[in-house]
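Participant: Required output: the full structure, derived from the provided sequences and hints.
Protein chains: 2
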Amino acid sequence: MEKPENQYPFLLACRKQPTPYTPIWLMRQAGRYMKEYRALRKKYSFLEMCKNPEMAAQVTLQPIDKFKLDAAIIFSDILIPLEPMGVEFEFAKGEGPVFHRPLREMKDVERLKIIEPEEEIPFLMQAIRIVRRDLEGKIPLIGFSGAPFTLASYMIEGGHSRDYTLTKGLMYQNRPAWDLLMEKISEALIRYLNAQVRAGAQALQIFDSWVGCLTPGDYEEYVLPYSKRVMDGVNKSVPLIHFATSSSTLLERMKQAGGDVIGVDWRVDLGEAWTRIGYDVGIQGNLDPVVLFGPVDLIKKEVKRILDQAKGRPGHIFNLGHGILPNTPVEHVAALVDMVHEYSSRKRNSNTQIPNNK
Amino acid sequence: MEKPENQYPFLLACRKQPTPYTPIWLMRQAGRYMKEYRALRKKYSFLEMCKNPEMAAQVTLQPIDKFKLDAAIIFSDILIPLEPMGVEFEFAKGEGPVFHRPLREMKDVERLKIIEPEEEIPFLMQAIRIVRRDLEGKIPLIGFSGAPFTLASYMIEGGHSRDYTLTKGLMYQNRPAWDLLMEKISEALIRYLNAQVRAGAQALQIFDSWVGCLTPGDYEEYVLPYSKRVMDGVNKSVPLIHFATSSSTLLERMKQAGGDVIGVDWRVDLGEAWTRIGYDVGIQGNLDPVVLFGPVDLIKKEVKRILDQAKGRPGHIFNLGHGILPNTPVEHVAALVDMVHEYSSRKRNSNTQIPNNK
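As given, the protein sequences belong to chains A and B, one line each in that order. Letter by letter, the first sequence follows residues 1 to 358 in the working numbering. Letter by letter, the second sequence follows residues 1 to 358 in the working numbering.
What the hints contain is simulated information worked out from the structure, not anything from laboratory work.
Which copy is meant is left open, so a pair is good if it fits within one copy or across any two.
Using 30 angstroms as the maximum straight-line C-alpha spacing, the simulated DSSO-like pairs for lysine-lysine come out as follows:
1. Lys311 - Lys255
2. Lys304 - Lys255
3. Lys184 - Lys301
4. Lys301 - Lys228
Model, not experiment: these values are computed from the prediction.
Facilitator: Laid out in structure tokens, this is it:
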């Protein structure tokens, strides 16, 4: 029961078309805050779940069965394409990813392999096909990847970082190695994202989660050309969301790099951010994930504030400013989704929607 | 050999008066990157060093003996005033501060004590007096404290935090406890900062290091009134620098809270930040501390970029965007200080300085 693209509020909003209400999905919506997810995680590791297509599909659909979300996002991890590139990592308990041989010099970068996503990451493509089949056209499915900078930072730091000293060190002190690394990651990401589209992803999001550690000048010089290369190289038949955190000083440059929609975190007022980047792109965000801990009145107040700032202008996709936190109360997530739909739909009926043709 | 206040470029810049060159000091300039500091740290714990006035004074002066810095900052820690408030903590090896009984509810907040800094933190006041004596009026001495939000976040989270879930939780879910906590911290800080001025501090800096995790709206509602209360309550005879990181969306509101100078991190272009906050306050910053790892040409390029953005306008104090990192090469620090002095003085001689009377 596939609907035409223009029947999905999420896809319409990505294209800055009017919608009956503001569509909403949540970063990391398939995750530890749900008991159904925790039940599976007791039996399998995170990577086992990512690599088993049936299980990844099942987890992708868990929040869809429970909440009236306007899009699904395939259950996976931004680090998945690194393994076929030749970079090994594991998820240490409670510590996030750990890379045992971080990249530090040209010879480490030279060793990185070109990936063939269909052959080397078949589980993800299969998971996308299963989810598309099981969704029966109810809502669209989002594929995703990390952005070149964020992936490079993991590969160089060997995990999470506070100061990104090693990443910036390579960037500043070994420009040829940095450029080759970013080129190789960009090529891998173009292949990886296009394979997801071929498998059935109906929209894409690129997560540049840690790029907010850079000066605007460094972003422009060392990162923007590669992010742009990836977004230029991706199949234009599906819309693309370009997301980063702590990026309020980078927004104009992120737009230059690409994306039909720019995703912003809660540190910036959504109205101000949209004015700055311009209404010719959409905007996604930007509830502070901590607000979901409640109380409900606070969630309501913040939802209204964000929707009022968006002014019902076509092109706003409601989301959190970063991934949903592990202990978030499930009933608050349900309440959030309903609030966004109800309040935005009420606003649409009482106001004339601002046409987004500026 | 005390000079009048108007002979110190640092104090002149705090008051937006013209100076022959741009003054520079570095956050955490007395620290692990110096071998003299590491030699002492082998024998004493960090807190032992803070609490011994002779040693704190000695450490304060280590970078002054080595570099042509325009201000000293007393060696201490923002957590020092918490102990007499009744909050115990320790520095766990490699982990930063750990609080064994974090504050979680009203009764925890009610237990907090009013402090008498001269009696309860005599070592700091004594260290300030020793440094003032030993400096012989060569350069001015800065005293400092954390800001109410940053200190509250440590007390509630029990250490560093990634998401500030517990801090925001108290803020959102227990407003009376939050307000009482912020009131008590504010009162303690006013007393603490004024005691430092009485002991001889010639300028003050307030570090709101973690406030960048908030939405602009939350900053305005839950934080600004208390930061303002502290800055309003502090002796106006010395200039005050108000610093935060990841705060580019909060700058206008930080100015509202107070400060003769607003300190910014590297995530924002200094020129843009100054235009936004207005030239009626000074600006401090904003070299990315990672740039100090070099190469020297990069340091030079970034120093020029920042000084060019400041346009030689009176009121710019050069600094890093956050504390100097532990492994920073000492020779690069020396080079930085010289570069800032030379380039800014050359610029002053070749251009007419912009009068800052806008």
